[in-house]
Amino acid sequence: MWKLLQIELFKISKRPRTYIAFVAVAAIVFIFQFAFKADGQSYMDLMLQSVKDTFTFDRVQAINGYFMCYIILNTLLIQVPILIALIAADSISGEANMGTLRLLISKPISRTQIILVKFAAATIFTIFLLLWMAITALFLSLFIFGAGDMLVFRSKGDESQILLITRDDIMWRYSAAFAYATVALTVIAALSLLLSIFAENSIGPIIATVCIVIVCTIISNINVPIIDKNVKPYLFTSYLVGWKGFFYIGTDMDGKTIKGSLENWPAIRKSLLILIAHIFILITASVVVFKKKDILS
Amino acid sequence: MALIIEVNHLSKKFSDTYAVNDLSFTVNEGDIYGFLGQNGAGKSTTIRMLLTLIKPTSGEINLFEKKLSAHRSEILKQVGAVIEKPDLYKYLSAYDNLSIFAKMSGIKVSQKLLMQQLQMVGLEERAKDNVRTFSQGMKQRLGIAVALVHNPALIILDEPTNGLDPQGIADMRNLILRLSRELGKTILISSHLLSEIELIANRMIIIHKGNKMVEGNVAALLDPAHTLIEIDTLDNAGAKQLLLQSKWALFIQKKIQLQLMMNKTEVPQLIIDLVAMGVQLLSVNSSHSLENYFLSLTTQSGHVEAFAN
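Chains B and A, in that order, are what the protein sequence lines are.
Numbers 1 to 297, taken from this note's numbering, label the letters of the first sequence in order.
Numbers 298 to 606, taken from this note's numbering, label the letters of the second sequence in order.
Bound-form chain B, shown alone (with noise of 0.2 Å):
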């Protein structure tokens, strides 16, 4: 298996596409740091409109390294599925399509072991793309803006929070966010593969994820009762953005925040076990559909 895994990664990193990715990534990150390094003041102004007479904060200061890794990770996060879906929707089509599949298949490895190795090659492409999102989006923000206590933005129901975390208790918080988000965006990556499997060229499974991916963010955003209860819990999209739950952090009965403390830890956890549950599915469905499929690419 180990042998089929550098195989397999070597082929992924002799592909031009698999850099469009971190290509797009550092570009995103750039426009942001730009933008904010020109005119992030008017940002925060806007940002803390509603608090300027209740709340003193050094707005300068605000927009830090810690900051605009928050603000870029809000964005990004969203986009990223399609990145991943480049690559892992392209692990069993892209085969089909250059007719390389036949004599993959041909060759003593099984089908379980392909699909296998193929979701292991598209999640450690997704742990390097997390790690150059942390690079460009975190460290490099630190080394432009500094570091310094975070404020985080959040909307609870009607209401707008402002939390601040001090800057000593922030680092850990945005490992734990990475590793949620890897978790998170590996569903897209199991996903992709599956639909991978039934298409004989990279560009349907890529489309078919974006699509799900879109269909299901909406589903996930509609406020409704009935699809609150019945739906939203079984769509893997409600669980995406759960990273940020590492930044809510906990307060007191006086409101004051508890240093190393998350709101809901409870949740975070139970949304992890869903995103797991769902790769354990998609993946599983990905072995049986694949050992039961007829090449005839």
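Among the hints, erroneous ones may be present.
[Claimed, not checked] Simulated crosslink set (SDA-like; lysine to any residue; CA at most 25 Å straight-line):
1. B/LYS293 / A/LYS544
2. B/LYS270 / B/ILE212
3. B/LYS14 / A/TYR388
4. B/LYS11 / A/THR524
5. B/LYS3 / A/LYS387
6. A/LYS387 / B/ILE212
7. A/LYS382 / B/SER155
8. B/LYS256 / B/ALA267
9. B/LYS259 / B/ILE124
10. A/LYS561 / A/ALA517
11. B/LYS292 / A/LEU480
12. B/LYS291 / A/PHE361
13. A/LYS405 / A/SER432
14. B/LYS3 / A/SER390
15. B/LYS14 / A/THR524
16. A/LYS544 / A/ALA534
17. A/LYS405 / B/ILE212
18. B/LYS11 / A/ALA517
19. A/LYS509 / A/ASN533
20. A/LYS374 / B/ALA267
[As the list claims (entries may be wrong)] In silico contact screen, one side only, chain A against chain B (beta carbon under 8 Å); selected entries:
21. LYS310
22. ARG345
23. LEU350
24. PHE398
25. ILE404
26. LYS409
These aren't lab readings, by the way, just hints derived from the structure by calculation.
Computed from a predicted model, the values in this text were never measured in an experiment.
No residue lacks a Cβ here, since even glycine has one placed at the ideal position from N, Cα and C.
Starting from the known structure of chain B, fit chain A onto it as the hints suggest.
Coordinates of chain A only, in the frame set by chain B:
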């Protein structure tokens, strides 16, 4: 002699159509086995079932005297194949492709061995070049190298000369003969050209619409005793009546045209007798009956009785 391939009552049904229907054949150790049929006859479907790309609807496949479905990995380690087009990773070099497929076959190969394989197919100079820059012939040769890199005992080649120029076809033929004679490999080669199979195979099968039509030793099937003679005269009906009353009656085929199946060596005597009977000959053409039979399958215009099941 060991049985390398044993196919028993193999069938594959797609929707309502049988691509392969109750097919049985055997390939012995050291055979170059020709798998002949027109396009769509079921050759590739059978080969895909031999390589586990497709699951049979019914029937059994044994390779190396072991059941394929039960010993898949163990068996496939001993099989090398080029299936239809030799599609490889275009964005990788010839060397990388070879290296990857060698590792997938479960063997450790040295750089020296890989280069030797490339040298054998005349690609050592292009080892580091991406496959996307290769001609069809070069891809075909690299495909052969990939099929051979793990030193398999059985080589399956599906239409290996497709898209090759005459020199490429000759090179491929020589390579196949060398693999058989010098290295003792068992080779199953599919083709839609009888002339190609005739030159290299020692045993062959013809399939049509998924059914076996003929199987046997190539030398026997192409025996001059099975020469088809077509005669054209000014009065074919009259000539046929005369022949029916002569010793040649036994050889006449039940056809409207005047056809006889006989040994090629007897043709001069037939011509002498026809002239003696006063038949006004326009032409006498001889061709091998198997070739005619195969052509008749290709053109869908009936078939020669000698080989009909």
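Checked hints:
Pair hint B/LYS293 plus A/LYS544 does not hold up; C-alpha atoms about 60 Å apart against a cutoff of 25 Å. Restraint check for B/LYS270 and B/ILE212: satisfied, since their Cα atoms lie roughly 22 Å apart, inside the 25 Å limit. For the hint linking B/LYS14 to A/TYR388, the alpha-carbon distance of about 7 Å falls within 25 Å, and the restraint holds. For a cut-off of 25 Å, the pair hint linking B/LYS11 to A/THR524 is broken: about 55 Å separates their Cα positions.
This hinted pair checks out: B/LYS3 and A/LYS387 have alpha carbons roughly 21 Å apart, not beyond 25 Å. Taking the CA atoms of A/LYS387 and B/ILE212, the gap is about 31 Å. The hint is violated against a cut of 25 Å. At most 25 Å may separate the alpha-carbon atoms for a hinted pair to count; A/LYS382 and B/SER155 exceed this at roughly 58 Å. Annotation: proposed proximity of B/LYS256 to B/ALA267 holds, straight-line Cα distance about 21 Å (limit 25 Å).
Between the alpha carbons of B/LYS259 and B/ILE124 the distance comes to roughly 33 Å, so the proposed pair goes past 25 Å and is violated. About 14 Å separates the Cα atoms of A/LYS561 and A/ALA517, which keeps this hinted pair within 25 Å; it holds. At roughly 36 Å between alpha-carbon atoms, B/LYS292 and A/LEU480 are farther apart than 25 Å, so this suggested pair is violated. About 24 Å separates the Cα atoms of B/LYS291 and A/PHE361, which keeps this hinted pair within 25 Å; it holds.
With a C-alpha separation of about 29 Å, the suggested pairing of A/LYS405 with A/SER432 is violated against the 25 Å cut-off. The hinted pair formed by B/LYS3 and A/SER390 meets the criterion: a straight-line CA distance of about 19 Å does not exceed 25 Å. Our distance criterion of 25 Å between C-alpha atoms is broken by B/LYS14 and A/THR524, whose separation comes to about 58 Å. In summary, the hint linking A/LYS544 to A/ALA534 is supported, as the alpha carbons are separated by about 17 Å, within the 25 Å threshold.
In summary, the hint linking A/LYS405 to B/ILE212 is not supported, as the alpha carbons are separated by about 43 Å, beyond the 25 Å threshold. Taken as a hint, the B/LYS11 and A/ALA517 pair is broken in the structure, with Cα atoms around 49 Å apart against an allowance of 25 Å. For the proposed pair A/LYS509 and A/ASN533, the alpha carbon gap of about 34 Å is over 25 Å, so the pair is violated. Proximity of A/LYS374 to B/ALA267 is assessed by CA-CA distance (about 50 Å); at most 25 Å being required, the pair is judged violated.
Annotation: A/LYS310 was flagged as interfacial toward chain B, and the flag is violated, the nearest CB pair being 11 Å apart, outside 8 Å. Checking A/ARG345 against chain B: minimum C-beta separation of about 7 Å stays under 8 Å; hint holds. The beta carbon of A/LEU350 comes within 4 Å of a beta carbon in chain B, closer than 8 Å, and the hint placing it at the interface holds. Contact between A/PHE398 and chain B, as hinted, is supported at the beta carbon level, the nearest pair being about 7 Å apart and thus within 8 Å.
A least Cβ separation of about 10 Å between A/ILE404 and chain B goes past the 8 Å threshold, and the interface hint is therefore violated. For the restraint placing A/LYS409 at the interface with chain B, the shortest Cβ-Cβ distance is roughly 20 Å, beyond the 8 Å limit, so the hint is violated.
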